[in-house]
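Enquirer: Sequence:
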Amino acid sequence: MDIVLNGVANKKNSQEITISGSKSESNRLLILQNLFPEISIENLSDSDDSVHMQQALSSSEEIVNIGHAGTAMRFLTSYFASKEDREVVLTGSERMQNRPIEILVNALKDLGANIHYEAKEGYPPIRITGKKITKKKVQIHGNVSSQYISSLLLIASKLENGLEIELIGKITSVPYINMTLSLLNQLGIETKFEGNNIKVISKDSIEKQTIVVESDWSSVSYFYSIIALSEIGSEITLSAYKKESLQGDSCLVEIYQHFGVETLFDTHSIRLKKTQKTKNNILEIDLKNAPDIAQTIAVTCFAENIPCNLVGLHTLKIKETDRLEALKEELSNLGAIIAVTEQSLHLETSSVIHENIAIKTYNDHRMAMAFAPLALKVPIQILDAEVVTKSYQKFWNDMELMGIKIEKL
Numbered sequence: 001m002d003i004v005l006n007g008v009a010n011k012k013n014s015q016e017i018t019i020s021g022s023k024s025e026s027n028r029l030l031i032l033q034n035l036f037p038e039i040s041i042e043n044l045s046d047s048d049d050s051v052h053m054q055q056a057l058s059s060s061e062e063i064v065n066i067g068h069a070g071t072a073m074r075f076l077t078s079y080f081a082s083k084e085d086r087e088v089v090l091t092g093s094e095r096m097q098n099r100p101i102e103i104l105v106n107a108l109k110d111l112g113a114n115i116h117y118e119a120k121e122g123y124p125p126i127r128i129t130g131k132k133i134t135k136k137k138v139q140i141h142g143n144v145s146s147q148y149i150s151s152l153l154l155i156a157s158k159l160e161n162g163l164e165i166e167l168i169g170k171i172t173s174v175p176y177i178n179m180t181l182s183l184l185n186q187l188g189i190e191t192k193f194e195g196n197n198i199k200v201i202s203k204d205s206i207e208k209q210t211i212v213v214e215s216d217w218s219s220v221s222y223f224y225s226i227i228a229l230s231e232i233g234s235e236i237t238l239s240a241y242k243k244e245s246l247q248g249d250s251c252l253v254e255i256y257q258h259f260g261v262e263t264l265f266d267t268h269s270i271r272l273k274k275t276q277k278t279k280n281n282i283l284e285i286d287l288k289n290a291p292d293i294a295q296t297i298a299v300t301c302f303a304e305n306i307p308c309n310l311v312g313l314h315t316l317k318i319k320e321t322d323r324l325e326a327l328k329e330e331l332s333n334l335g336a337i338i339a340v341t342e343q344s345l346h347l348e349t350s351s352v353i354h355e356n357i358a359i360k361t362y363n364d365h366r367m368a369m370a371f372a373p374l375a376l377k378v379p380i381q382i383l384d385a386e387v388v389t390k391s392y393q394k395f396w397n398d399m400e401l402m403g404i405k406i407e408k409l
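Anchor point for the sequence shown: position 87 equals 87 in our numbering, and the numbering is continuous, going up by one each time.
Because the hints were derived from the structure by calculation, they are not lab data.
Mixed in with the good hints there might be a few duds.
Here are the simulated lysine-lysine pairs, DSS-like style, with alpha carbons at most 30 Å apart [what the hints assert, rightly or not]:
1) Lys328 x Lys360
2) Lys277 x Lys377
3) Lys83 x Lys199
4) Lys317 x Lys328
5) Lys208 x Lys132
6) Lys83 x Lys132
7) Lys192 x Lys120
8) Lys83 x Lys135
9) Lys192 x Lys203
If you anchor each label on the Cβ, the simulated ranges turn out as follows [unchecked claim]:
10) Glu61 x Arg95: 15 to 25 Å
11) Lys317 x Asp204: 33 to 43 Å
12) Ile168 x Met1: 36 to 46 Å
13) Ser350 x Gly195: 18 to 28 Å
14) Glu118 x Asn280: 49 to 59 Å
15) Lys135 x Glu400: 45 to 55 Å
16) Asp322 x Asn114: 50 to 60 Å
17) Ile318 x Glu355: 29 to 39 Å
The beta-carbon is built from N, C-alpha and C at its ideal position, and this holds for glycine as well.
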């Protein structure tokens with residue numbers, strides 16, 4: 001489905017928009033729930049990724065296909081490797097079969113796991129024969145995707161001797177590692193994270209408990225962008241959020257002050273309000289701890305004619321698409337002066353925004369959603385708009401509530 005977007009955001013939106021639970025938290029909890037059935041989960045993400053995760057965990061088939069769900073691929077690799085007497089072939093979409101998994105597989109093999117590549121070395125599909133893992137120490141580079149590290153941490157407490165992970169070199173995406181450890185701690189599992197070493201103590205069972213998933217901060221980034229592009233006084237209330245969040249993307253609160261957006265916290269919600277004009281000085285941010293909001297920030301900067309230097313983006317090269325190259329292509333088509341490297345994006349000022357440009361989404365939900373707020377400036381088209389369901393099922397409905405008109409082509 002291709003769509004045309006155009007419109008002006010409502011100055012005051014009195015309706016409270018509820019955003020689905022965090023995909024990152026949900027997928028971690030789904031793994032933990034299968035290891036510890038004592039867990040009940042509320043406000044679970046309705047994203048395609050979480051649906052794929054649930055289907056994979058409940059499947060008894062030999063071939064488990066997780067589509068585009070990168071988190072599911074990584075978390076399930078460790079999960080199935082530790083499930084004794086279970087053999088699966090874990091596969092996914094064509095793009096997933098070109099996303100590397102070797103670093104995680106090597107770490108699991110070092111622990112004694114039985115994993116083989118079915119096609120291309122270092123990439124899915126992989127055949128996993130689950131077995132009892134008794135080794136308790138492993139090394140993995142700290143500057144790789146944090147999902148590799150979290151994948152190991154999620155199964156660690158169910159291993160006979162627990163697990164000690166030594167992170168080699170510089171560590172990136174620390175908030176996502178801390179999210180995993182915090183969830184383990186909520187379950188009563190003992191962990192330690194000191195320097196470059198993480199330790200998880202083995203635990204057979206936990207107390208029965210219910211965990212409520214906080215709404216997704218990555219998803220709220222698009223509303224920050226809308227308010228940033230709106231008139232002073234524009235506001236929106238969103239739930240369910242908390243001030244002390246486990247999610248690294250909650251740094252949006254600080255970052256979007258640059259665009260004149262104030263965040264007001266209530267008990268279970270936040271109110272975003274445009275209080276002043278965007279600051280015109282260059283925005284320089286290291287997003288190594290929150291790379292998923294880079295696309296939103298880049299589009300906001302372009303729309304507001306603000307130069308930016310975004311660094312710490314090396315993990316974007318191996319997402320649903322090469323997000324840096326995709327941003328360069330689509331923003332250039334819109335009139336941006338932009339350059340990217342292997343780990344950074346540099347945007348210059350440009351007062352021109354071309355109208356009615358068709359934005360390619362590259363099977364990447366965040367490309368569609370990050371560009372949507374630009375419709376407040378000029379009419380645009382979004383190709384393959386249904387890709388948003390990967391993380392945000394009712395995204396386009398919520399955009400209409402914000403005053404953006406949507407026409408199907």
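Enquirer: Against this structure, judge whether each hint is valid.
Expert: These are the hints, each one checked on the structure:
1. Lys328 x Lys360: 12 Å, holds
2. Lys277 x Lys377: This hinted pair holds, its Cα atoms lying about 16 Å apart.
3. Lys83 x Lys199: Holds, because 21 Å separates the two Cα atoms, which is no more than 30 Å.
4. Lys317 x Lys328: Roughly 13 Å separates the two Cα atoms, so the pair holds.
5. Lys208 x Lys132: 25 Å, holds
6. Lys83 x Lys132: 7 Å, holds
7. Lys192 x Lys120: 36 Å, violated
8. Lys83 x Lys135: Roughly 15 Å between the alpha carbons, so the hint for Lys83 and Lys135 holds.
9. Lys192 x Lys203: 14 Å, holds
10. Glu61 x Arg95: 15 to 25 Å: About 22 Å separates the Cβ atoms of Glu61 and Arg95, which means 15 to 25 Å holds.
11. Lys317 x Asp204: 33 to 43 Å: 40 Å, holds
12. Ile168 x Met1: 36 to 46 Å: 45 Å, holds
13. Ser350 x Gly195: 18 to 28 Å: Check failed, 44 Å falls outside 18 to 28 Å.
14. Glu118 x Asn280: 49 to 59 Å: Given range 49 to 59 Å: holds, Cβ gap about 53 Å.
15. Lys135 x Glu400: 45 to 55 Å: 53 Å, holds
16. Asp322 x Asn114: 50 to 60 Å: 32 Å, violated
17. Ile318 x Glu355: 29 to 39 Å: Between Ile318 and Glu355, where Cβ atoms are some 33 Å apart, the hint holds.
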